[in-house]
Every structure is written in structure tokens, then in C-alpha cells.
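Novice: Each chain, written out:
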Amino acid sequence: MTSGLVYYLSGLAILLGINLIAIWGLDLQFGLAGINNFAYIVFQAAGGYAAALFALKPAKAYGGFETYLGGFNLPFPLPLIGAAAVGGLLAVPVGLIAIRRLRADYQAMAMLVLSLIATGLAEAQTGLVNGPTGLALIPQPLVGIVHVTPLGYNWIFLGLTAGCCALAWWVAHGISRSPFGRLLRAVRDSESAVAALGRNPDALRMKVLIAGGALAGPSGGLLVEYVTAWGPSSWLYPETFLFFTALIVGGKGNLAGGALGALLVPIGIVEASRHLPAFGYPGMIDSLDWVVIGACLLVFLWFRPNGLLPERKRVFRAGRQQAGGTQVSGAFAQRLTGSR
Amino acid sequence: MTTSPGAGHPAGGETALAGSQARPPLLRVEGLACHFGGVLAVQDATFDVRHGTITGLIGPNGAGKSTVINLISGSTRPGQGSVRFNGDEIAGQRPHEIAHRGIVRTFQQANVFGGLTVLENLLVGAAPWRGERVSSALGRKQAWSATQSGLLDQAWDILRRFGLEGIANDYARALSGGQRRLVELMRALMAQPALLLLDEPMAGVHPALAASIADRLLEMRDAGMTMLMVEHELRLVEKLCDPVVVMARGTVLAEGSMAELQSNQEVVDAYLGGGGGG
Chain B
1 MTSGLVYYLS GLAILLGINL IAIWGLDLQF GLAGINNFAY IVFQAAGGYA
51 AALFALKPAK AYGGFETYLG GFNLPFPLPL IGAAAVGGLL AVPVGLIAIR
101 RLRADYQAMA MLVLSLIATG LAEAQTGLVN GPTGLALIPQ PLVGIVHVTP
151 LGYNWIFLGL TAGCCALAWW VAHGISRSPF GRLLRAVRDS ESAVAALGRN
201 PDALRMKVLI AGGALAGPSG GLLVEYVTAW GPSSWLYPET FLFFTALIVG
251 GKGNLAGGAL GALLVPIGIV EASRHLPAFG YPGMIDSLDW VVIGACLLVF
301 LWFRPNGLLP ERKRVFRAGR QQAGGTQVSG AFAQRLTGSR
Chain Y
1001 MTTSPGAGHP AGGETALAGS QARPPLLRVE GLACHFGGVL AVQDATFDVR
1051 HGTITGLIGP NGAGKSTVIN LISGSTRPGQ GSVRFNGDEI AGQRPHEIAH
1101 RGIVRTFQQA NVFGGLTVLE NLLVGAAPWR GERVSSALGR KQAWSATQSG
1151 LLDQAWDILR RFGLEGIAND YARALSGGQR RLVELMRALM AQPALLLLDE
1201 PMAGVHPALA ASIADRLLEM RDAGMTMLMV EHELRLVEKL CDPVVVMARG
1251 TVLAEGSMAE LQSNQEVVDA YLGGGGGG
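Respectively, the protein sequence lines represent chains B and Y. The working numbering puts the first residue of the first sequence at 1, with every later residue one more than the last. The working numbering puts the first residue of the second sequence at 1001, with every later residue one more than the last.
Errors might be hidden in some of the hints.
Per label pair, the in silico range of CB-to-CB distance [unchecked claim]:
#1 B:144 <-> Y:1130: 22 to 32 Å
#2 B:60 <-> Y:1092: 52 to 62 Å
#3 Y:1143 <-> B:304: 47 to 57 Å
#4 B:286 <-> Y:1129: 44 to 54 Å
#5 Y:1092 <-> B:116: 46 to 56 Å
#6 Y:1023 <-> B:314: 38 to 48 Å
#7 B:106 <-> Y:1038: 48 to 58 Å
#8 Y:1141 <-> B:280: 29 to 39 Å
#9 B:8 <-> Y:1177: 49 to 59 Å
Just so you know, the hints here were simulated from the structure itself, not pulled from any lab data. Here a beta-carbon is modelled for each residue, glycine too, at the ideal position from N, C-alpha and C.
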């Protein structure tokens, strides 16, 4: 195996990890809680911009060829932590606008519109994040501290990405297996029944929107720190549907399904098309990427909506074998259920 | 229908009713009104629900019964009027806030969590607890698994009581309409409500299963639970409910035992004489 191929494959592994974190975040929101967050890419973008602005020096330091707000020159891992915070915090206004008072179908429309507004704002405000040109020269983590070959740095970055994936898995797994995750699945099925049982569905959805945003943020942060550039053309609204397709193909509500989808769609389909011989007009293959991804989404929605690895059933065994269980049922319930 | 108040009730029903008369009502609905656009769905509805009773709410289609349930449970905001629960005003509060106070409802169309198993449906029914917090989800499983074990024991007990332990791990979406009704009822039991609002719990249910549900409701009442039940099946209302509130055209027409209502000509004209006895 040539070193060039190894470099390429290690780069793919990094992108796989970055997509994995984003897809697990979306799985919390969409797979578990049923939120049609068509603005999901904005959370990743916000995390990307946050990491960039936290890592970059002030614009003057680069001769002023780009203009942006901030430039705090923070050391690793603070830009990534900042990205997670910004991704999570962004969920609050988005949730207040798009989740409260709106039905699921209108929520989806509101999210899509928010995504378009965000892109428009980023392009229009040149002083904020350098407008349509975007940010460049974003410092990579640990550069200047570790002195290795480009391939060696890829391995370091892969290790960093793997660590972030492990953290993301811990969050997503912890939520999906927990009673909180069960409530989210209940909200997905019937908001009115959840409310009738004393839980606030808006609050539950807001919490998972924050959790998902806090995963999308660092995925964006890792991405910009790897590619060292970030602009509005990198996070146009169709990118959201790349994540949705991955989740629906792999299987929503199942972390393994999300991982399989991350491998098959953003990596598999997109990378496979790079190796096709050129044909048609320039850029035609890129356009066909979206045709294939869209067709894939439609095929799965029609014929296998639960994906290749569907959500797993949670089975509980009968009996009182769970020793030490706290008896929470009151006397009233004991009378209802009969003394045993 | 020839019956007297409490007839057909298992022993304990009359005692509970007599005891409840001495206490202030658990729920007091006064002058409740609601309109949808220009249509007045409920106007000046006034009635009480006393402790330990199954209060029936009957009336022809469009009488406003389900709207009253929606108004009490917070699904619909009242235009005017008062709903007092344990003396506290709850009119206009949001559904989860009202449920938090101890009022749990079932729905006209069985409203189960289809993507959850029956057992999981019951677990969601339990009163909110610490394990449902995000911090618990990100903490150690041992911190909440013990409490969940207790809830599971409680859920299994209820399932056995209803003879449904065999479907405990089935998805709710795979159940029949009648079984979904039972799941909704069992889920409400898990919440240990002070007041259970039942919106046509027997609708679309096989008669044998309806009889089984009726028996469970009587057991729940005898265990001290208070219920307000909308129901069209008058034989079941006669068996289960005392008192019965009759609604027609959005207003409360009369209130009393079924025997009393039978002799009320206005009620007979509005509903009972209209072939509604089936």
C-alpha cells in the first residue's frame, strides 16, 4: 500500500468519524425524538465557525485579507469545547422558534427556512464570518507542538476524532438506553399522550435538540480544523439531507445503524463517485451524487423505512429478579395491583 | 333500565359514595364555556366529581362531552369558567401541568406509544422521577436502574392483574384496538392518578373485553380512584357510574343516578328516548 493511499484512507477515516458524530447527534433528534430538524447542518456549521473563530488569531494577524468577529487564538481543545457549547446553545433559539406551538410538518418547514436564513446571513454579513468567501487558515490542533509528517499528523487527528467519537457514543448511548430516551421515543409517537402523563413535550424536545446540537457542533469543529477552511458553500441546506439519508439507510434509533449509514452514504456514495471516469459536462458527477443520494433516500423510505439496522426492541424479563429494586409504588397502587 | 343508585356495584361502592358526600368535591366545574370559531361547543357547564366515584358523562353526539374532558385536561383552553381540582384553579393550565397535579386522561382514540412495547408504555405512565433527567442518562446506569426495577415490578403486577403479561414485550402498534384501550388504562394506572378522565373507554371494544374493562374500573374505584367517564353504552354507565351528568347541546341538562335520570322527561327527550340505549 503506497503512503499516498494510506494518507487518503486515513483522511477518509477522519471524515467517517466526523460524519458519525454528526449522524449520532441527528439520531438523537430525529431517530429518537422524531424532530424533523431540517436545519441540522446549521448546527454543524455553527460549531465549525465557533471552532474557527476560537482557534484563529485576530484578523489583523493575517494581514486583514479576511474579516471576521473575534479570533481568540485559543489552544486545543478549547475551540472544540466552544464548538460543542455553541452547537448546544444554538438549539435554544431554534427550538423556541421552530418547536413550540408548531406541528411536526410545520416544524420541518420552519427548520428548512431557518437553514436558508442562516446561509443568507452568513453570506451577507462579510464582517461576521468573512461572507461568501468563508474563513481560511484555520489553525489545526497541536500544530506547532507536534512535529510530524502530514501522514503522521493524519494519524494524530484520527486519534483525536476517535476520542470525540467515543465521547459522542457515550452521550448518544447514554440517552438512548435511559428512561429519558424512552420518554423521547414516547414524544416521537404521541406528544399529547406524553403531556397527559405529566411531561412537557416541548421541554423534552428542547433538551434533545440541545444534546444533538452539542454533538453537531464539535463535528463541525473537527471538520474545519481538519480542512482548515469553512464557508457557506460547505454547509448548504442539502447537506442536511445527506445526514438524513445516512440515518434512514443505516437505521434510525440505532447507533450501529447510524454508523453503517455514515459509512455507506457520505463516505461510500460520495467517495465512489470520485473514482468514476469523467463524463458529460464538468461537475456532472457531483450533480449525480445528489441524484443517487436522493434516489437512495426515496427507495429506503418506500421499501425499508426502518433502515438496514432498525431500532432494537427493548425487552424486559418478568418477575422481581431485579434485586434491591426500590419499591416506588404506594399503598394505593399496591391495593390496585393486589398484595403479593 | 330499572335500577337504583349503586345497584350492580360490588360491595363498597355505596360506602365509598356515602363517604365522598361528606368531603368537598375532588373536581368542581363551574360555568365552563368553549367555542370553536362561531360554534359554541360547551356553555355554562357546571358539575362536581366527588371522591371515590365513577361519574358518568353522557349525552348525544355533539353534546360537548369530549370537549369537557379536553377542557379539564388542558388539551383545549376554556373561553370562560372555572375548573377547581382539590380546591385549586386549573382552568387554562397546560396538559402536563394538570397531569402533574394528578389528573390523567385516556383518549377517545386509544393513544398508545406504538413504537414502544406494552411494558415501556406502562413505564412512561409512571409519575415523573429522577431517572428521566438528562443528567441521569449521562450518569451511571446503577443510579436509576434500581428505581426502574421497582417500576417494572409495578408494571408487571398491573399486567398480570389485567391478564396481559403475555403481550408485555409486544410493540403497542401491533395490538388490537381493544388491547390498546387496555394498555392506555394500565398506563394511566401506573400514574396513580387522583382523578382519571376516561373518554369512551369501551368504544370499539369487543363486548367481552368491555365487560373485563368494566370490572377493572370497578376494582379501581373500590381501591379509591376517582373517575370521570364519557360513555355511550348506557348499560355500562348504569353498571359503573353514579352519579351521571347528562349533557346536550353543550350544556349540562341534568345530574343524578341513572334511575333519577330515567324519570327526567327532558333527559329522556334529549337522549335516553332517542334510542341511545344501545
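Novice: None of the hints should be skipped; say for each whether it holds.
Specialist: Going down the list of hints, with the structure as the test:
no. : hint                         : result
1   : B:144 <-> Y:1130: 22 to 32 Å : 46 Å, violated
2   : B:60 <-> Y:1092: 52 to 62 Å  : 56 Å, holds
3   : Y:1143 <-> B:304: 47 to 57 Å : 37 Å, violated
4   : B:286 <-> Y:1129: 44 to 54 Å : 51 Å, holds
5   : Y:1092 <-> B:116: 46 to 56 Å : 36 Å, violated
6   : Y:1023 <-> B:314: 38 to 48 Å : 42 Å, holds
7   : B:106 <-> Y:1038: 48 to 58 Å : 25 Å, violated
8   : Y:1141 <-> B:280: 29 to 39 Å : 54 Å, violated
9   : B:8 <-> Y:1177: 49 to 59 Å   : 57 Å, holds
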